[in-house]
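S.K.: Each chain is listed here by its residues.
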Amino acid sequence: MSLDPILAREKLGAVARLITRQPPASLWEIDTSLLPPALGAYRRKVRDFARRELLPRCLEADADPDRFDRIGLVRIAARAGILTDSLPRPLGTGGAWTLASSPLLAAHLRMEELCAACGGLGLLLGANELGMLPILLSADFSAIRRLLWPALQRTRRGEPSLFAFAITEPDAGSDVQDTRGARTARIVTRARRVPNGWRIRGRKCFITNGDIAERVSLFAALEDEGLESWTCFVVERAQGGFAVGRHERKLGQRAANAVELVLDDVFVPDDHVVGPLRGGWALARATLDMSRGPVGAIALGIARGAVEAALEVARSMRVGGRALVEHDDVALAFADMLMELGASRSLLWQTAGHLPPRAAAAATAKAFCAESAWRVCSRAMEVLGDAAIFSSSRVEKALRDARLNQIYEGTDEIQRLALLEAQWTTDIAGGTR
Amino acid sequence: MWIYERPEAEAGRSFAGRAVAPALPDGESGKAGGRGADVLGEAERAGFVEAGDLALWGAGIDTEGSVAILFEVGRVCAGWGMALHSLALARRLSRELGGGDVAIAASPIAPRCPPLEVLERPDPSWIEPRLEGDRATGIFPHAWGFPRPDASGSDDVLAFVRGDGWALVRARAAVTRDDGRRLGLRACDLFRVELAGRAEVAASGERARQLLEEHVARLWLGMAALAAGCAAGAVREAARYAAERFQGGSAIEKHAAVSMLLGEARARADSAVAALGAARQTLVASARVRLTATADAACAVTRSLQVLGGAGYMEDFPLCKRLRDVEVLRISQGTPDDLRRILAADLARCA
Chain L
519 MSLDPILARE KLGAVARLIT RQPPASLWEI DTSLLPPALG AYRRKVRDFA RRELLPRCLE
579 ADADPDRFDR IGLVRIAARA GILTDSLPRP LGTGGAWTLA SSPLLAAHLR MEELCAACGG
639 LGLLLGANEL GMLPILLSAD FSAIRRLLWP ALQRTRRGEP SLFAFAITEP DAGSDVQDTR
699 GARTARIVTR ARRVPNGWRI RGRKCFITNG DIAERVSLFA ALEDEGLESW TCFVVERAQG
759 GFAVGRHERK LGQRAANAVE LVLDDVFVPD DHVVGPLRGG WALARATLDM SRGPVGAIAL
819 GIARGAVEAA LEVARSMRVG GRALVEHDDV ALAFADMLME LGASRSLLWQ TAGHLPPRAA
879 AAATAKAFCA ESAWRVCSRA MEVLGDAAIF SSSRVEKALR DARLNQIYEG TDEIQRLALL
939 EAQWTTDIAG GTR
Chain S
434 MWIYERPEAE AGRSFAGRAV APALPDGESG KAGGRGADVL GEAERAGFVE AGDLALWGAG
494 IDTEGSVAIL FEVGRVCAGW GMALHSLALA RRLSRELGGG DVAIAASPIA PRCPPLEVLE
554 RPDPSWIEPR LEGDRATGIF PHAWGFPRPD ASGSDDVLAF VRGDGWALVR ARAAVTRDDG
614 RRLGLRACDL FRVELAGRAE VAASGERARQ LLEEHVARLW LGMAALAAGC AAGAVREAAR
674 YAAERFQGGS AIEKHAAVSM LLGEARARAD SAVAALGAAR QTLVASARVR LTATADAACA
734 VTRSLQVLGG AGYMEDFPLC KRLRDVEVLR ISQGTPDDLR RILAADLARC A
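These protein sequence lines are chains L and S, in that order.
Residue numbers for the first sequence follow the numbering used here, so the first one is 519 and each next one is one higher.
Residue numbers for the second sequence follow the numbering used here, so the first one is 434 and each next one is one higher.
The shape of chain S in the complex, shown without the other chains (with noise of 0.2 Å):
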């Protein structure tokens, strides 16, 4: 079964439909104009949210599900399903801990990602946040998070640091939002977050270790959904725009130009959306699902944007918004390289 036809995509049709296309960026500014309110009434009502939170990721809605969610949102707005995905996934932190009012969720894995066996064990070199006594300080430079209304601020988060292993710790954090002069995904915010105060552990040891695997499988699968939404959305418009355009007294979809790019633009993104069906909450799974659909769908992106020519490259056409867009999704949180790294550590531990 392709991962649209399960039937919470037919929900997240619905939903984005309804929330996420009216409340799309501005392509020049990236501004959404505040529409975060509207977009979570929406979710609630499209049955995302259970028990007066997102319930994503296994919190109601099973992996699979989340993924044709986030896929049909990605096909409208990679920005704001990267919104809900980040918020979703800080909720679904925060209730298997017990609850609380968290919308960030920081892990160290950007600018880049180490490798697998600092996921396993963080080494300080590579991991700057860290935990002393009931103290945790660090920064984490980049973290997705559902739009706020304040640019900077103090908030409670939760922060993936090193201490003895792995901690989860709970804290307050200054957060700073960051000015949106960014290639994509600006409907989405890009914090700063601090850490410099008391801290409350909430995982430690294995435990924190394997929250922190799952967390970063979750981001990693639904950053490839979004992307493969990304690319479907692109391949639709652009073939559109491919037989409503004429040249030489035929649609340009005709010309074998055009006919070469949108099945190779189709090709890439029915490829990105197979590697989803092997979406599972695992770091090896979810780097090779990442890995794949990311670079498909950057494909098929890039395609359809070539069928529009020179149309293809102004703001007020779609295809501009998803390039950027879907760049971000394959290089953000963990690069094409560091996801390369992790998977050939694992195949040289199972050889």
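Pulled out of the complex, with its shape left as it was, chain L reads as follows (with noise of 0.2 Å):
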């Protein structure tokens, strides 16, 4: 008599098999079925996408990224529309059903799949959006004509024209992305009034694609103003006095460089202002509530790619005579990992539901994703021991890239604080009190 629970199902009745029924089919399949068709078959594409063009390049990437042809990788993906597919025809190359049945979930799809290949290839091509979210969140269709849409149609033809975003300033990094530090946060960089625009002076640092990005979406203050009247200039690369400093050397996410950029008298004509003047905090606000989500699904896309790794060595390596896999503490320890995936998971699509963005709901899948993705890669890491340690195994690179997550976008502090702020002065079950 055969106890397993799928068999066993052959002994019910017809409408008790058909109502109880689990056919065969891989954790990724089971979940992309709960996804309207639409943006089922987006997962589908993005990950073979994912697979064919990133999981091939990402040791090399993460061990020389200097030397690593980024424009190339970024021209394959324009090629193939994933630069362009969150915004609709004709301005970008979504799919209407995908981008209707919710604009969202696409995106943490596209960072889930993307990441579970590579976490720094996967940062290096969604990059491109975050620098782009400013300007369309300001619905300045003036703006969106002007500025994106020259750029979205070369990148559409293959010849990527790449946004990127820059908010952090040397001495001010997470707090102006809290209200509370905002408030006496240090700012230099600053915008000065001269005929037909703006001239910018300052510098930003970690930004990502800084130095391969034609346009910045980047906040300054005002001449003798404080932060609250930061405003949102889009800097165009090529203008006098924009430089590209430091490169910084970091511990993960290696493929997207991570730049200072030192603007000395930027010009800035008034058509580059992005929203009011004076309208740049809450445009970074809305980019972060918006962003937040899909960092989430980059950090559940790392830890996927290092659950992935992990399980290829552990069924490929021998050990007390049985595959390291079929161990009861290994096979436990992937249950531990599978747990986690499907809990972040599940809090991401529930939060992609939300649109636009509830800050409280943004930052909590943030943090938790975050979180979960270091969590999952130690445990990958115990899994294999020493065979983890190498680069090779692609499970030691799955950490480094994780630990990106706490800190950038607000670290997983920052995140608490924004849930705070968001639903702090209201009753958690709603009602009366």
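These aren't lab readings, by the way, just hints derived from the structure by calculation.
Derived DMTMM-like pairs: lysine to aspartate or glutamate, alpha-carbon spacing no greater than 25 Å straight-line: (1) Lys687/S to Asp689/L; (2) Lys563/L to Glu677/L; (3) Lys687/S to Asp930/L; (4) Lys687/S to Glu939/L; (5) Lys687/S to Glu889/L; (6) Lys563/L to Asp549/L; (7) Lys687/S to Glu697/S; (8) Lys563/L to Glu830/L; (9) Lys563/L to Glu547/L; (10) Lys687/S to Asp703/S; (11) Lys687/S to Glu677/S; (12) Lys563/L to Glu826/L.
Both chains are given apart, each in its own frame, so use the hints to dock them into the complex.
M.R.: Here's what the structure looks like:
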């Protein structure tokens, strides 16, 4: 008599079999089956792209990011529509049904799939959207037509024109992502009024893709005013006075460069101001609310990549006369990891239901997924032991990559403050007090 | 007495400052720049060498003293600490067997450490390296060792292999250094050791088993000490950063979130140091010390890194290296699950 729970169901009646059936499928397929068909197809498309184009390049890009042909890969992604599919045609290449189903969930799916192959390369491709977000969220159609449209058309043709996003400064990191910190933040990047535009002077640091982006959505305070005057400017790389400074040597996600931007009286014409003057703080916060979910998805993708890589090794490595994966303690460890992945994915998919995104939900998802990814990667390392510490295992790379998610787009601690700021004055369960 | 209050700790601090700090590996490349001879020269001047050999682990310096020295070296660079520790272990074993210039001691506990019953009685399904007649064959895929100038070649090694029970053999082995593209302990070399020829049996049976147990116990205690030192260094660096870095008109150490991180980091680092106080050269005691000390140390390091925010993630700051090193110390040569399995098996016997 078989005790296999699937086979045992054959003894049930036809209706009972029908309502309890569990056809064999991978966890990925089971989750995908929950999605609307257009999003399911999109998830499959991005996964296939990531496996084909990112996975074979991930170790090379991590080992020597300076020599790695990032532009070459960006071109491939552009031609595949990956850089523009967050926007509907004719602006981008996104499918109408995909975006109509849930644009935020599409972004979460995209970042999970890209980063399951490589956190660094996923960030390299995903950061472009972050750079475009302030312009899109400004709902300034004139700015969208002037600044985004030509770049998007070039990118769609396979000649990528990238955007970067710049808020962090040498003396103002976490505090420009939190209201209390912002009140006393020491910002140095300032814009001075000149005929027909502005002159910006200052420095921004840790800017992803700052060295290859043609335009930077950059936040600067107006001269002699505080952070409440923050305004979003689109700075053209070709402008005089714009220079790329220090290239950071990061622990992980190394395929995407983080650089310092030096602005020495860079001229920005009036038509490159995004949204209203002094509207930058609101735009920056809205951008972060929108981007934190996808950053959580980056963490989820990295963690999934670690589990996939560890499973691959554990299936082939023989220990004690059996494949490593057949040992009970190892199976338990993988179960722990899969539970973490499931919890993160559930939270992210739930978070994507809020449009516009809720600050508290985005912060919760981002922090939870980041911390979960670290736990998963650490557990994957434990399973493989010494075999995990080599870059060729891809697990140690995932561990290094995952650690950044607890820091960028606001540290875990900033996410907690954002959660409290958004919801602390309301009752958790609603109703009257 | 805390381990860092022992007199040997002062010698360890002085040695680490003179010899290890100038030889720190480059964070990016991991290259230590061929400073091995300098480090060993300073070890001799520090009194860690007796009769021409490293005197750690009971060969002049007792268990607690050895732990104290490695803790202090770990504060500066766990990679160099592991290099020194690996060499000292090989020398200790070699002296036990009557001497000889052996720099690598290989034991079959990587990538995963076998269960307690296999460590007592080698099982062919777990232990591949074996002795047949006067020939030893088999591969030790991961053996830590002091940096050597050549990437590959042959070398005299001591190796624990399966014979009739355990056997400790001295043999000429093919030794290949990894390419260095690994997570941490980059100042230390990691070798693949392949036995495929004549071997001299240095110990066998119960004597060999006992030597294996002591060797593994010392290895784990040293790794625990290095991890605790790594954590102590990380907490100090985080505290210094938090005192000097201002946000919102005050040092960030005054901010609640940073204060929580620092408090947790300190508690975990102190807990790792406290665990070292129970260091004994037995398998079970060392498994317990290593399991708790490395887990606490890893937690202390990652909390410390978080204090630095974006700067903590950059290789130009020391926290990155500490994070990489402490993770390797946590999982290499016996994973936390392996240690738990040994502790549980011992508990079952005692029950």
